[in-house]
Every structure is written in C-alpha cells, then in structure tokens.
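Letter by letter, the chains look like this.
Number of protein chains: 2
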Amino acid sequence: MSSTPERTHVRQTAPFRWEDVSLLAYKEDEGTHFKGVTRQVLFPGDSQLPVQWRYFEVAEGGHSTLESHDHVHAVMIVRGEGAVLVGTRIHRLATGDLVYVPARTWHQFRAPAQGPLGFLCLVALERDKPRRPTAEELARLREDPAVASFIRV
Amino acid sequence: MSSTPERTHVRQTAPFRWEDVSLLAYKEDEGTHFKGVTRQVLFPGDSQLPVQWRYFEVAEGGHSTLESHDHVHAVMIVRGEGAVLVGTRIHRLATGDLVYVPARTWHQFRAPAQGPLGFLCLVALERDKPRRPTAEELARLREDPAVASFIRV
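As given, the protein sequences belong to chains W and Z, one line each in that order. Heads up, the first sequence stops at 152 in numbering that gives the first Met the number 0, and the numbers go up one at a time, no gaps. Heads up, the second sequence stops at 152 in numbering that gives the first Met the number 0, and the numbers go up one at a time, no gaps.
Chain W on its own, in the form it takes in the complex (with noise of 0.2 Å):
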C-alpha cells in the first residue's frame, strides 16, 4: 500500500481558524487604504492545481483596498454579511453567495458596521500585483453617487 506523506487533512481548530495555519496580515504594506483585514492561506497551490485557496476575514466597520489587476477572483461568503463594488456595481452580500471578480475590474469588500465579513477568494497561483486607482480614476469613479459613498481609500 502506498503511504501519503503529504498532508491530507486539516482540521479546523475554531470557527475560521486552521491547524497550522497561520493568521496573517491582510498585506505587507501598512496605510489606510484597508482596515481590519485578515488572511489565512488554506491552499497554498503546487504545480498540479495551481491556485491559491485563501479565507480573508474583514472585521465590523472594515474593509479591503479598492483595487485593480489582470488576474480574476472567484469567492464565496462564509462569515456574516457585507458588500462589495465589482466595476460599477455594488452588491449586498449574504453568506454563501458568490462573487466573480473579472480582469482590470475595481472591487473593495466591506463589512457591516456590525459583524465580520469572512470569504474564501481562489486566485491563479502566478498573478499580477494589484494596483490601486490614480487620482484621475478616483475622480471618475467618483462620478457615480453611489459609487463615491461606497469606497474607501
């Protein structure tokens, strides 16, 4: 019989918490351009299936960085409610929803003044580092009302 020295199973250990798998900072940098953000790696990715399986958690009041990239995000909610600016859109969110984020596409997740916002966010293992808006690109996605109270930076 084969043995399988890889690990094959993970338990978790609290709600949203892994057996070594460590709490980390949403992103190395600091600012305000986040808040409240944390990040967990579930799947780190081998060559086989290579994408990231990670579980980010924004706490009450917080949220994301309003950014951009070439690569696409496929999410689910699994914590608490929120909502999140995909494009021009902004959608409640409720658990277990799905959210899609295409290529080149603003997006910002936040959390309701009341409870966490937890997702888990696949992304391809090799990708693009995200940017954010330059001051022209804020301005005009400033230019929708309901755009302009939803993001924050």
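It is possible that some hints are incorrect.
[To be verified] If the Cβ cut is set under 7 Å, some of the chain Z residues that face chain W in the computed set are:
hint	residue
1	His8
2	Gly35
3	Val36
4	Val98
No wet-lab data here; the hints were simulated from the structure. Just so you know, even glycine gets a beta-carbon here, dropped at the ideal spot from N, CA and C.
Using the hints provided, position chain Z relative to the given structure of chain W.
Positioned in the frame of chain W, the structure of chain Z alone reads:
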C-alpha cells in the same frame, strides 16, 4: 466607466443551493459504486483561473466512488460531518475541515448514518478521468482491516 458584462454576483437561494446553479447527478454513469451524491458547479473555470469549484453533497448513509486519478483535490467540508479515506488513512471530518487528495491516491468520502456531508472541491479544469480499483487493487486495499470495513464498492 467600464461595464462588467460577466455575472459578478450569485446569491445562495436556500442552504447549499445557488441562483441558476443546476443540481446535477454526481456522475453520468450509474452503478452501486456511489450512493446519494449530488454535484453543483459554483465556478466553471476560465482561461484566467483554470479550475472548477464544485459543491458535492453526500446524503446520509451515502458515499462517493472509491477512485484514483492523476489530478489532485483541495476540499473544504462546509456541511455536516463524515469521513474520508485518503490513501490508507481514514480521517473523521467535521464542518470546516480541509482535505487534500494527492495524485494517484485512492479516496472515498462517506456521510454519516444521519445527516448529509457537504463539501467544496477544487480541481484543475483539464484533468484525467478517475478510475476504480481492479480486483487485485481492491484485494490489496482490503489487507488493511480498517480500510476493508470502510470502503464501499
């Protein structure tokens, strides 16, 4: 402002059912090698993120096919509990647990006697077909009494 023609938000309409996501048979063929399993494709994959994100649900007393293939699985249990054989190890599973199924490794998921086992399962979009054990491979698997009593074929 750019339009976002892609579907960017899919609501969960009932527990573990989604807007415009079909409830599918687990496999196209029939047989006794699986029991009480449904499949839903949450993210079909595209050229930029060439993976499929599926939700499988095994009804109480049911099981997936005992099978092996070259591709790998990254799995998260999201409903109920159960157990899985991976290689020669049997893991008891609770909601939130993660499972990794390496390449060319026999595996089978089983729901408990009461209540379903639901899990998210990631696979590469391009992948080989699963195969079932030969009589000889089955005999070898059954040399381990724990494995012998676990597997359903």
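Satisfaction of the His8/Z interface hint, Cβ to chain W closer than 7 Å: His8/Z check passes; min Cβ-Cβ to chain W is 4 Å, inside 7 Å.
Please verify that hint: Gly35/Z, Cβ, nearest Cβ of chain W, below 7 Å or not. This hint is violated: Gly35/Z lies away from chain W, its Cβ roughly 22 Å from the closest one there, beyond 7 Å.
With a cut-off of 7 Å, does the beta carbon of Val98/Z approach a beta carbon of chain W closely enough for the hint to hold? OK, holds: Val98/Z within 7 Å of chain W, min 6 Å.
May I ask you to test the interface hint for Val36/Z with respect to chain W, counting a Cβ-Cβ separation under 7 Å as satisfied? 20 Å, violated
Going down the numbered hints, you'll see the structure goes against 2, 3, while the others check out.
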